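There are 2 protein chains.
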Amino acid sequence: MKYFLSGIFLLAALQATAQELTKYVKPITGTDRMGHTFPGATVPFGSVQLSPETDTLPYELNGKYNRDVYKYCAGYQYQDKTIVGFSHTHFSGTGHSDLGDFLIMPTIGKLQLNPGTADQPHSGYRSAYSHQTEVATPDYYKVKLADNNITAELTTTTRVGFHQYTFPKSDSAHIILDLMYGIYNYPDKNVWTYVRVENDSLITGYRQTTGWGRTRTLYFAMAFSKPFSHYGYQDNTKKEVYRGFWRKFKMDQDFPEIAGTQIRAYFNFSTTEGEKIKIKFALSPVSTENAIKNMMTEAPGWDFDAIKKQGEAQWEAELKKVKVKADEETMENFYTAMYHAFINPTIYMDVNGEYRGLDQNTHRVTGFTNYTTFSLWDTHRALHPLFNILQPQRNTDMIQSMLVHYDQSVHHMLPVWSNSANENWCMIGYHSVSVIADAVIKGNTGFDANKALDACVNTAKHRTYDGLGYYMDMGYVPEDKNGSSVSKTLEYAYDDWCIAQMAQKLNRTDIYDEFSKRALSYRNVYDPSCGFMRPKLNDGTFKKDFDVLNTDEAGFVEGNAWNYSLYVPHAPADMIKMMGGNKRFVPHLDSLFDVELPDKYFAATEDITRDGIIGNYVHGNEPSHHIAYLYNYTDQPWKTQQRVRHILKQMYHPLPAGLSGNDDCGQMSAWYILSAMGFYPMAPGSDRYDLGSPAIEEATLNLENGKIFKITARDQKPGNIYVRKAELNGKLLNRLYITHDEIMQGGDLVFYMSAKPNKHHK
Amino acid sequence: MKYFLSGIFLLAALQATAQELTKYVKPITGTDRMGHTFPGATVPFGSVQLSPETDTLPYELNGKYNRDVYKYCAGYQYQDKTIVGFSHTHFSGTGHSDLGDFLIMPTIGKLQLNPGTADQPHSGYRSAYSHQTEVATPDYYKVKLADNNITAELTTTTRVGFHQYTFPKSDSAHIILDLMYGIYNYPDKNVWTYVRVENDSLITGYRQTTGWGRTRTLYFAMAFSKPFSHYGYQDNTKKEVYRGFWRKFKMDQDFPEIAGTQIRAYFNFSTTEGEKIKIKFALSPVSTENAIKNMMTEAPGWDFDAIKKQGEAQWEAELKKVKVKADEETMENFYTAMYHAFINPTIYMDVNGEYRGLDQNTHRVTGFTNYTTFSLWDTHRALHPLFNILQPQRNTDMIQSMLVHYDQSVHHMLPVWSNSANENWCMIGYHSVSVIADAVIKGNTGFDANKALDACVNTAKHRTYDGLGYYMDMGYVPEDKNGSSVSKTLEYAYDDWCIAQMAQKLNRTDIYDEFSKRALSYRNVYDPSCGFMRPKLNDGTFKKDFDVLNTDEAGFVEGNAWNYSLYVPHAPADMIKMMGGNKRFVPHLDSLFDVELPDKYFAATEDITRDGIIGNYVHGNEPSHHIAYLYNYTDQPWKTQQRVRHILKQMYHPLPAGLSGNDDCGQMSAWYILSAMGFYPMAPGSDRYDLGSPAIEEATLNLENGKIFKITARDQKPGNIYVRKAELNGKLLNRLYITHDEIMQGGDLVFYMSAKPNKHHK
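From first to last, the protein sequence lines stand for chains A and B. Residue numbering for the first sequence follows my numbering, beginning at 2 and increasing consecutively. Residue numbering for the second sequence follows my numbering, beginning at 2 and increasing consecutively.
No lab work stands behind these hints: they were computed from the structure. Warning: the hint list may mix true and false statements.
Remember, identical chains collapse to one label, so a pair may be satisfied in a single copy or spanning two.
List time: in silico DSSO-like cross-link candidates among lysine-lysine, alpha-carbon distance up to 27 Å [as the list claims (entries may be wrong)]:
id, residue 1, residue 2
1, K544, K277
2, K65, K239
3, K462, K251
4, K506, K544
5, K65, K145
6, K732, K640
7, K322, K279
8, K277, K310
9, K251, K544
10, K726, K111
Being a predicted model, the structure only gives us computed values, none of them experimental.
Make the full structure from the sequences, and use the hints.
Right, here's the structure in full:
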């Protein structure tokens with residue numbers, strides 16, 4: 002009965018010591034500017050992310066895309082002064098978005114069925130709020146809606162959002178359900194919405210959208226703790242809808258069935274002073290029937306505090322997988338990163354095991370938990386490797402989910418960026434293969450590894466995908482045939498190396514040979530004349546007009562040539578040799594961190610703040626995440642320690658503006674967690690973790706297999722950013738890496754910290 | 002395993018003598034002008050109605066509704082010169098419409114992805130055709146598409162449309178799948194459409210529409226007998242749809258996933274001379290997975306002729322439930338009427354028993370076959386009573402279907418006009434209760450009769466429904482509160498009588514008393530000062546400006562006061578007394594048939610042709626269907642015989658223009674069948690059938706219970722339209738009715754025909 006996670010965690014709730022670690026988590030981190038995190042309530046990997054929305058910007062201004070909409074990927078911007086309501090689904094840290102389903106807002110007084118605007122908040126149902134009244138902790142969010150004198154509290158289970166609104170005395174209290182609201186909400190995004198008022202306290206329905214997920218439907222069941230006295234709706238549907246014989250009813254009030262594309266519903270109450278009206282809002286990807294089942298299974302009662310405690314206990318159980326000792330800011334950074342790392346991917350199935358497949362049919366999971374929200378271009382780098390250590394069961398289930406995606410894919414491809422029964426094709430590469438290879442190499446294979454390898458190979462041979470046919474034929478993607486060609490070539494090469502590693506382990510020699518060869522393709526886009534990777538054209542010549550600092554349409558994506566040229570994670574030694582060996586390479590690497598990026602280039606650098614850059618090194622985007630560890634492959638490894646500690650310190654703060662770029666579904670956070678513990682997977686698909694410089698004093702990894710791996714940083718104190726030596730299980734470590742097995746077998750890793758680099762430790 | 006109907010009928014196919022009776026069926030009947038029937042292929046009560054479309058008129062002309070669209074309720078108008086294609090769903094004989102899903106058209110030469118117009122057929126994919134090349138028989142349709150030299154043949158199983166196209170030699174043959182096409186197709190009707198090219202010969206997808214059915218989705222699976230060489234689509238979707246990362250593919254050709262609101266797809270082939278390309282097109286209300294199951298179960302192979310023969314055998318098995326001897330035109334009329342009577346309601350569930358419920362969830366049927374397409378305002382009159390005789394099992398299953406509709410209805414009402422998991426509220430009354438009462442009274446209760454009675458009572462007490470609250474409080478619907486008030490009052494009164502009869506049989510005395518009283522409400526809208534039923538206002542006075550010939554917004558719907566005033570089917574004696582007794586009533590009834598309706602009133606008479614009127618008697622609409630039988634309740638019953646034979650002769654011909662009005666899902670046809678056999682149910686809910694004058698010589702009813710009821714008309718010949726006497730089982734019948742039990746027990750009914758009325762036979 003593995004579906005009933007809430008039951009399991011209810012037990013955990015009784016065992017865990019409340020708030021021992023959750024107290025360090027600051028969900029507000031990253032909600033200011035580019036972090037794109039949300040401050041609201043969710044349980045680990047929960048299907049529901051119930052969180053406040055602070056604006057509803059028009060998607061278009063003067064006929065053009067309104068760039069400010071981008072800020073609202075997670076619905077909330079810390080600097081906003083008003084709250085529009087609370088919706089049930091949010092990505093955490095993405096750089097494009099969708100979701101924001103089913104906005105709820107409580108109000109009193111005159112019924113207003115439009116959100117109003119930030120500059121005229123009283124023109125609509127939105128309310129001013131103050132951060133003074135705001136509490137955001139794991140699975141709990143609280144705020145006072147100042148205009149209405151209503152206290153809003155939110156908590157969740159995996160599939161149910163639980164609202165608690167404390168009203169003043171009012172004979173005209175309203176709860177608004179806005180089906181028009183959404184994130185990245187262009188006018189035609191709602192394909193259809195449907196609401197049924199089943200009885201005086203239960204609503205069901207769905208929202209079907211065409212957004213980042215092109216063909217997406219989410220069902221709901223909404224239960225009130227108290228019957229409403231009346232209800233009604235406003236139908237702003239502009240499109241022509243046949244309404245003929247429906248006119249025989251008076252539909253403006255108390256009519257139980259509503260459908261259209263632009264609907265807002267309201268439910269009326271009378272309240273006594275301090276009266277709490279609670280709402281349970283269950284989601285399902287399959288049906289309203291399943292949404293009700295989810296509700297009845299996970300939140301049968303009305304005890305808000307019990308649900309809140311249960312959610313906190315779930316977090317506590319996840320967080321204590323690493324028990325850390327460190328200074329206060331590091332503690333907060335670390336557990337906030339753990340929190341952000343354990344939000345995505347999200348569980349995508351109902352309590353009965355049903356979920357919607359890519360073919361839009363209902364499927365039933367057997368033997369694993371199905372997940373969605375795979376931001377793989379980001380998360381293959383550190384998040385999934387982290388899962389192989391801390392969440393091996395979930396990671397294998399995630400791979401199972403990727404494999405059923407493959408089975409259902411009419412393209413016969415593994416996911417690229419998938420969510421809610423949709424492939425959105427965001428970003429580049431086919432990094433599912435990295436996630437799968439990493440698990441296979443590390444022996445975390447609760448799936449059919451040979452079948453998975455076949456899926457990887459088929460994915461990597463899909464000729465019509467994103468320049469891949471050219472790459473297969475020519476060894477690189479020609480920039481004049483397919484843009485961002487260098488990024489694609491480099492990432493395909495890395496992915497192909499992953500396939501080769503997996504094939505080797507599975508004794509599939511043909512595949513190993515083929516993909517080992519493909520893995521060398523990075524060589525084909527290196528221009529020795531300038532020392533950078535460079536866009537090459539179909540005729541075999543390099544593109545003219547090459548600016549190594551430029552990102553925009555210059556052959557790269559989310560990274561310029563300076564950063565991206567270092568993206569050969571699977572063959573750093575060969576890359577360094579190709580780039581002239583240590584003598585030329587180390588100064589080049591230094592220059593990345595040390596140059597000053599002119600402003601004009603910064604403007605074209607997506608998703609990051611000025612803090613997200615060190616020199617020309619962009620930490621706010623992912624292609625550079627391995628770069629600080631490249632020094633380990635030169636004769637100056639202590640610079641890895643220096644750069645890593647610099648990044649840890651500069652780029653992460655437990656504050657609203659504490660993230661220097663999009664958290665990207667936990668990738669930024671996973672980088673922090675691993676780096677703060679002193680190691681990082683340069684190339685997932687290898688069993689090695691490069692050693693860096695730990696920021697913690699102690700970290701005890703309580704592994705799923707029952708083993709304990711303890712990391713200690715002796716002499717940890719400000720300034721001691723270098724590792725003098727390291728010992729594994731009491732023996733001096735004469736290398737700059739540890740292996741996955743060494744961690745998983747349990748043991749002790751001790752770093753001896755120092756203010757000065759040990760230039761002999763290589 | 003009752004789901005596998007096709008299996009049962011395969012057996013039947015082996016037993017039945019081919020075309021003994023199907024040869025009399027002329028599916029082309031009613032396809033010219035107002036019959037709104039379709040000539041294409043369907044099996045009895047099949048989910049698929051695969052039939053040609055002869056135009057695609059714009060829904061709007063100059064910003065207004067294009068009234069000509071109305072002619073295309075069934076897609077086909079006999080006088081049109083071109084065929085646009087063949088779609089899979091059609092209502093039979095309705096006066097409003099929907100459907101027309103999934104248009105298929107074969108072409109050769111230059112690919113054209115628009116239908117073109119009737120006046121410029123070569124501007125698109127449509128083709129000229131000639132009726133000379135057209136064959137329309139039960140479950141088979143054939144036509145030559147002249148422009149392309151392609152012969153199209155169609156047949157079906159319950160859930161699968163089977164196409165066979167015979168091509169000329171061509172290296173550019175195309176099969177077009179037009180998802181934009183639809184019936185009553187306003188621009189925003191398509192909510193979403195979705196296509197997956199699963200492999201080189203299998204397509205799946207769905208079409209979601211908001212039409213007469215507001216929230217409706219139909220899934221499909223489409224298999225080709227031969228792999229296509231290439232495929233592609235044209236996406237005319239005007240609405241803003243996020244297309245961002247999809248752009249990384251070339252999507253114009255051979256891209257396997259398409260979604261949007263305005264899509265046309267094509268599939269290319271090379272053909273040899275005379276090569277047949279076959280298509281199996283399976284439907285499902287639930288999923289593409291179920292559509293594939295339906296296909297694999299009902300049509301696993303590619304033998305077109307076997308499927309065609311199987312369909313013919315199904316029809317033969319249904320038709321032989323009445324074996325008739327009569328003149329040729331009567332034979333053709335009779336079996337064409339049987340054919341049209343056995344098209345609707347339609348089976349609405351997949352081979353695995355799943356169907357979509359009103360709540361839009363997937364449900365599974367247990368123990369019965371689920372039906373949809375309930376045009377109850379029409380069909381409660383004669384079609385369902387006919388089913389109680391000839392299709393008792395199906396009728397009880399239809400009532401089961403109505404009861405699950407009730408269970409799923411958020412309005413807690415039985416169906417009014419339901420189709421495809423939608424209530425469209427068309428027309429007035431709550432005539433489900435008539436269908437249920439008729440079955441209960443006649444003992445055809447394969448359902449929980451007491452539960453059904455509760456559903457009837459709750460439906461009849463839904464105060465917000467269509468003036469019902471006023472009716473319950475005041476005994477009539479006030480015209481100034483709710484239009485068509487007289488029609489509503491009269492029909493509620495009849496329906497209430499049905500409930501009372503059922504309650505009496507079930508010993509539910511309270512309900513009997515309450516509804517017997519309500520059943521007298523017809524008295525409240527009778528104005529003795531003018532001798533007509535008349536709109537009454539909220540203040541209790543009759544409406545001024547009363548024109549008894551006017552239909553339009555005069556207190557009535559689809560009938561004027563002259564016709565509708567006679568609508569007290571459950572209490573004709575009381576009505577006649579109220580209207581002045583025989584002496585005044587008979588001349589009044591005569592006048593209905595004898596006056597000449599001025600043209601200005603005809604223009605306002607919906608849905609019928611001039612032939613559909615005798616004097617002022619409108620047979621093309623339903624409220625008058627019982628009227629000819631009212632003479633049986635006067636001292637001049639032979640006039641029933643005269644009028645019935647007049648109507649039978651004037652209103653029904655086995656010709657394209659042979660129906661005088663909409664066939665209305667078989668109600669017009671059921672009137673013919675029963676009247677031609679010599680009896681008719683004046684008031685369903687009673688166990689009596691009024692005797693009229695048979696048009697056949699013999700009719701042998703082969704009942705489901707194994708009994709045989711034989712009707713003989715001695716001395717049947719032209720001019721002998723009166724019944725001199727009748728004998729039941731050899732004994733003189735001293736009454737003007739027979740009972741349901743007398744039929745169902747088997748026996749012999751002999752009419753002795755005469756040219757002169759027997760004025761003593763009462």
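So, going through the hints one by one against the coordinates:
{"no.": "1", "hint": "K544 / K277", "result": "neither (66 Å within a copy, 53 Å between copies)"}
{"no.": "2", "hint": "K65 / K239", "result": "both (20 Å within a copy, 17 Å between copies)"}
{"no.": "3", "hint": "K462 / K251", "result": "between (59 Å within a copy, 16 Å between copies)"}
{"no.": "4", "hint": "K506 / K544", "result": "neither (39 Å within a copy, 91 Å between copies)"}
{"no.": "5", "hint": "K65 / K145", "result": "neither (35 Å within a copy, 51 Å between copies)"}
{"no.": "6", "hint": "K732 / K640", "result": "within (24 Å within a copy, 115 Å between copies)"}
{"no.": "7", "hint": "K322 / K279", "result": "neither (33 Å within a copy, 61 Å between copies)"}
{"no.": "8", "hint": "K277 / K310", "result": "within (18 Å within a copy, 68 Å between copies)"}
{"no.": "9", "hint": "K251 / K544", "result": "between (67 Å within a copy, 24 Å between copies)"}
{"no.": "10", "hint": "K726 / K111", "result": "neither (69 Å within a copy, 76 Å between copies)"}
Of the numbered hints stated above, those contradicted by the structure are hints 1, 4, 5, 7, 10, listed in ascending order.
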